[in-house]
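**Q** Each chain is listed here by its residues.
Number of protein chains: 2
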Amino acid sequence: MSSNRDIDALIEMMAKLPGLGPRSARRAVLHMIRKRGLLLTPLAELMQTVAASARECLNCGNIGTGDICDICASEARANGLLCVVEDVADLWAMERSGVFKGRYHVLGGTLSALASVGPEDLRIPRLLDRVKTEGITEVILALNATVDGQTTAHYIADQLEGTVALSSLAQGVPIGGELDYLDDGTITAALNARKRF
Amino acid sequence: MSSNRDIDALIEMMAKLPGLGPRSARRAVLHMIRKRGLLLTPLAELMQTVAASARECLNCGNIGTGDICDICASEARANGLLCVVEDVADLWAMERSGVFKGRYHVLGGTLSALASVGPEDLRIPRLLDRVKTEGITEVILALNATVDGQTTAHYIADQLEGTVALSSLAQGVPIGGELDYLDDGTITAALNARKRF
Ligand SMILES: [Zn+2]
Ligand SMILES: [Zn+2]
Chain A
1 MSSNRDIDAL IEMMAKLPGL GPRSARRAVL HMIRKRGLLL TPLAELMQTV AASARECLNC
61 GNIGTGDICD ICASEARANG LLCVVEDVAD LWAMERSGVF KGRYHVLGGT LSALASVGPE
121 DLRIPRLLDR VKTEGITEVI LALNATVDGQ TTAHYIADQL EGTVALSSLA QGVPIGGELD
181 YLDDGTITAA LNARKRF
Chain B
1 MSSNRDIDAL IEMMAKLPGL GPRSARRAVL HMIRKRGLLL TPLAELMQTV AASARECLNC
61 GNIGTGDICD ICASEARANG LLCVVEDVAD LWAMERSGVF KGRYHVLGGT LSALASVGPE
121 DLRIPRLLDR VKTEGITEVI LALNATVDGQ TTAHYIADQL EGTVALSSLA QGVPIGGELD
181 YLDDGTITAA LNARKRF
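Chains A and B, in that order, give the protein sequences. Letter by letter, the first sequence follows residues 1 to 197 in my numbering. Letter by letter, the second sequence follows residues 1 to 197 in my numbering.
For the record, the hints were derived by calculation from the structure and aren't laboratory data. Each hint should be verified, as a subset may be incorrect.
No copy labels: a pair is met if it fits in one copy or bridges any two.
[As the list claims (entries may be wrong)] Simulated crosslink set (DMTMM-like; lysine to aspartate or glutamate; CA at most 20 angstroms straight-line):
1. LYS35 x ASP87
2. LYS35 x GLU45
3. LYS101 x GLU134
4. LYS35 x GLU56
5. LYS35 x ASP67
6. LYS16 x GLU75
7. LYS101 x GLU161
8. LYS16 x ASP6
9. LYS35 x GLU138
10. LYS101 x ASP8
11. LYS101 x ASP184
12. LYS35 x GLU134
13. LYS101 x GLU138
14. LYS101 x GLU75
15. LYS16 x ASP121
16. LYS132 x GLU178
17. LYS16 x ASP129
18. LYS132 x GLU161
19. LYS132 x ASP148
The following block holds chain A by itself, in its conformation from the complex:
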């Protein structure tokens, strides 16, 4: 393609990233080569750093560096609120809105009869444990407004009923919508108007 083996390999690997295809991978690689000092070299170094240090937080499932992520490690975030999300991308979306000051729990998916995903396949046992041990006063179920997301929310609500206040994101989450696609304002509105579960 480019007449060079390494450049071709780089294009091929870039094309595997979500959102990039072969053509955009070619343009991205050409752009990076032209800006190698500003872009290609620093990007390679950052990727090395992240590859060496990034890992799942043992407590919440967020991706950070070290065994415990910065949010779990921060005493300031221990305000009794625990926000349950399906995926790390959803946690990042919540953080961008900047309005939530508590901690998170990343399930790593949703319950699914079809795909045989049960509570033990997600971080649900760990969630129940955290609610008991971390002085949680309210669990916010910020799951996607999909069938599986809502099934999972109801399952968790059943498990926690009577032990803690439960709420879910309310206003603004569109039917069938996914958190990671929402703008920050919508997330803020949904969080502020959260309703009792």
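Fit chain B with the ligands to the given chain A structure using the hints.
**A** Relative to chain A, chain B with the ligands alone:
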């Protein structure tokens, strides 16, 4: 955003690549972290390799490794045909069609009165030199079908008139279209049906 400084820096830099925005950069970074052994680490290593070795061929302007690119270094490509393109992305597009077996000359742009780009700002002097010294029998002007592309083709044709056969890509290049956007079949057809300039 992600609650981690290095991951945020990586997302921010990925978002600068053409074709990626903040959201697709976030998804790409999350995907890479999850596949760090298969994707993030090899990608970082390939980027380091390419950053250290990629450079412009002193002869033709292609991007390769070393002072002279593989195409210029290959005796098999010295068949008397020289294909003139605006940009390295156009050379890559020609190579993907697999039908051209000669060599290339990358101008690095087009003449433009508006942007004050003259022949000395492109690789035109080097082109005239190569035609004399590399035993070129035919120059194929594979410039984009834009006003500046065609102005540049006419300028080069005037300079070379009477010294070598001249042709241009014919059938298939749409008006106002750019080579790098065409499919391989169209490029093949345009090359096979090339007409005398
Ligand atoms: Zn954590
Ligand atoms: Zn070359």
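**Q** Could you run down the list of hints and mark each one as holding or not?
**A** Cross-check of the supplied hints:
1. LYS35 x ASP87: between (34 angstroms within a copy, 16 angstroms between copies)
2. LYS35 x GLU45: both (15 angstroms within a copy, 17 angstroms between copies)
3. LYS101 x GLU134: within (15 angstroms within a copy, 69 angstroms between copies)
4. LYS35 x GLU56: between (32 angstroms within a copy, 13 angstroms between copies)
5. LYS35 x ASP67: between (35 angstroms within a copy, 18 angstroms between copies)
6. LYS16 x GLU75: The answer is neither: 39 angstroms in one copy and 34 angstroms across copies each exceed 20 angstroms.
7. LYS101 x GLU161: neither (23 angstroms within a copy, 73 angstroms between copies)
8. LYS16 x ASP6: This pair counts as within: shortest intra-copy Cα distance 16 angstroms, inter-copy 22 angstroms.
9. LYS35 x GLU138: So LYS35 and GLU138 fail the 20 angstroms test inside a copy (49 angstroms) and across (34 angstroms) alike.
10. LYS101 x ASP8: between (45 angstroms within a copy, 19 angstroms between copies)
11. LYS101 x ASP184: So LYS101 and ASP184 pass the 20 angstroms test inside one copy only (15 angstroms; across, 53 angstroms).
12. LYS35 x GLU134: neither (48 angstroms within a copy, 31 angstroms between copies)
13. LYS101 x GLU138: within (13 angstroms within a copy, 69 angstroms between copies)
14. LYS101 x GLU75: within (11 angstroms within a copy, 66 angstroms between copies)
15. LYS16 x ASP121: Result: close neither inside a copy nor across copies, 27 angstroms intra and 37 angstroms inter.
16. LYS132 x GLU178: The answer is neither: 29 angstroms in one copy and 63 angstroms across copies each exceed 20 angstroms.
17. LYS16 x ASP129: neither (38 angstroms within a copy, 41 angstroms between copies)
18. LYS132 x GLU161: Classified as within; 13 angstroms inside a copy, 86 angstroms across copies.
19. LYS132 x ASP148: Neither, since 25 angstroms and 70 angstroms both go past 20 angstroms.
Hint compliance for this structure: hints 6, 7, 9, 12, 15, 16, 17, 19 are broken, all remaining hints hold.
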